[in-house]
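Trainee: Line by line, the protein sequences give chains B and E. For the first sequence, this note's numbering gives the first residue as 1, with consecutive numbering after it. For the second sequence, this note's numbering gives the first residue as 1001, with consecutive numbering after it.
I should point out that these hints are in silico values taken from the structure, not numbers from a laboratory. Each hint should be verified, as a subset may be incorrect.
Said to hold, decoys possible - Pairs of lysine to any residue, SDA-like flavour, derived with a Cα cap of 25 angstroms:
#1 B:37 <-> E:1096
#2 B:38 <-> E:1088
#3 B:98 <-> E:1066
#4 B:98 <-> E:1044
#5 B:110 <-> B:11
#6 B:37 <-> E:1066
#7 B:38 <-> E:1081
To be verified - Residues of chain B clear of chain E, computed beta-carbon distances all greater than 12 angstroms:
#8 5
#9 42
#10 44
#11 45
#12 63
#13 69
#14 79
#15 84
#16 85
#17 106
Keep in mind that this is a model prediction, so the values were computed, not measured. Note that beta-carbon positions come from the ideal geometry of N, C-alpha and C, so glycine has one too.
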Amino acid sequence: DQQVKQNSPSLSVQEGRISILNCDYTNSMFDYFLWYKKYPAEGPTFLISISSIKDKNEDGRFTVFLNKSAKHLSLHIVPSQPGDSAVYFCAASTGFNKFYFGSGTKLNVKP
Amino acid sequence: DTGVSQNPRHKITKRGQNVTFRCDPISEHNRLYWYRQTLGQGPEFLTYFQNEAQLEKSRLLSDRFSAERPKGSFSTLEIQRTEQGDSAMYLCASSPPGLADTDTQYFGPGTRLTVL
C-alpha cells in the first residue's frame, strides 16, 4: 500500500546551492500534499503544502512543485543552509481524513 | 498553547503487557490522528478522529489496538498484549477544522515504545 514514494533515501548538497527533493504518488484522488522536516527525537514539523488545484507554492526559501500528470511532487530549497540538514517527508491526503507518508529523504547540507 | 503533547515520551514494557499512551492536541483542533513510525520509514497512519468520532481506521490497527477520544479533546491509544513488533514511535497529530491551504497537521514529539 505504498501510495507515496521517496526513492532517494539521502541527498548531499553544498551550502548555498539548491536542494531538490522528489516524491512520487500513485493515487490520483489525492488533493492535498505536504512536506515535513524531521529532526531526531522530535515529531515532524510542517514546512509547506500545496493543493491539487495549484502547481506551485512558495514560502521563502522553500518551493513545492506539483505535476499531476506525472503524479510527482518536488521540494526546492534555495539557498540550502546547514540548518536544513534533516529528514524530509512528503505526505498526501484526500480530504484531510487520512495521510500517506513517503519513507523520507535525509538531506545533508555541507558547509 | 504550546502545541501537541504526548505522554509518556518513552515506555519500556515486557511482551504481553498492556500499554496506554495519551495525546493532548492543540486546543481548537477538532481533528486528531495517530501514526506509527519505525526506523527508516515514514509515519504510518493508524486512525483519525473528528471530534469524538473515529472516522478512519487503518488495517494496521489490529484488534489489540484501540483508540478513544471520549470528549473530543485528548485521546488515548491502548495496545493490549504487546508484541516485539509493536516497538516503534507512536505519533499523534492534530489539525484545525476547515480545509484551507494553510491547514496542516501539527505533530507531537511522539511516544517511543520498546517491547522486550
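Trainee: The structure should be examined with respect to each hint, and the outcome stated for every one.
Mentor: Results of checking the hints against the structure:
This hinted pair checks out: residue 37 of chain B and residue 1096 of chain E have alpha carbons roughly 20 angstroms apart, not beyond 25 angstroms. Proximity of residue 38 of chain B to residue 1088 of chain E is assessed by CA-CA distance (about 16 angstroms); at most 25 angstroms being required, the pair is judged to hold. This hinted pair checks out: residue 98 of chain B and residue 1066 of chain E have alpha carbons roughly 17 angstroms apart, not beyond 25 angstroms. Between residue 98 of chain B and residue 1044 of chain E the CA atoms are separated by roughly 10 angstroms; this keeps the pair inside 25 angstroms, and the hint holds.
Restraint check for residue 110 of chain B and residue 11 of chain B: satisfied, since their Cα atoms lie roughly 11 angstroms apart, inside the 25 angstroms limit. Taking the CA atoms of residue 37 of chain B and residue 1066 of chain E, the gap is near 29 angstroms; set against the 25 angstroms cutoff, the hint is violated. Simply put, residue 38 of chain B and residue 1081 of chain E have alpha-carbon atoms about 30 angstroms apart, too far for the 25 angstroms limit, and the pair is violated. Annotated as non-interface, residue 5 of chain B brings its C-beta within 12 angstroms of a C-beta of chain E; the closest such distance is 10 angstroms.
Distance check on residue 42 of chain B: its Cβ comes as close as 6 angstroms (rounded) to a Cβ of chain E, failing to clear the 12 angstroms threshold; non-interface status is violated. For residue 44 of chain B, the requirement that its beta carbon stay farther than 12 angstroms from each beta carbon of chain E is not met, with the minimum near 5 angstroms. For residue 45 of chain B, the non-interface assignment is contradicted: its Cβ lies about 7 angstroms from the closest Cβ of chain E, within the 12 angstroms cut-off. For residue 63 of chain B, the shortest C-beta to C-beta distance to chain E comes to about 15 angstroms, beyond the 12 angstroms cut-off, and the non-interface label holds.
Remark: the non-interface label on residue 69 of chain B is consistent with the geometry, its nearest Cβ contact in chain E lying 21 angstroms away (cut-off 12 angstroms). With 12 angstroms as the threshold on Cβ separation, the claim that residue 79 of chain B sits away from chain E holds: the shortest Cβ distance comes to roughly 24 angstroms. At roughly 19 angstroms from the closest C-beta of chain E, the C-beta of residue 84 of chain B stays outside 12 angstroms, upholding its exclusion from the interface. Taking the minimum C-beta to C-beta distance to chain E, about 17 angstroms, the non-interface status of residue 85 of chain B holds against the 12 angstroms cut.
With 12 angstroms as the threshold on Cβ separation, the claim that residue 106 of chain B sits away from chain E is violated: the shortest Cβ distance comes to roughly 10 angstroms.
Against the hints set out earlier in the document, violations occur for numbers 6, 7, 8, 9, 10, 11 and 17.
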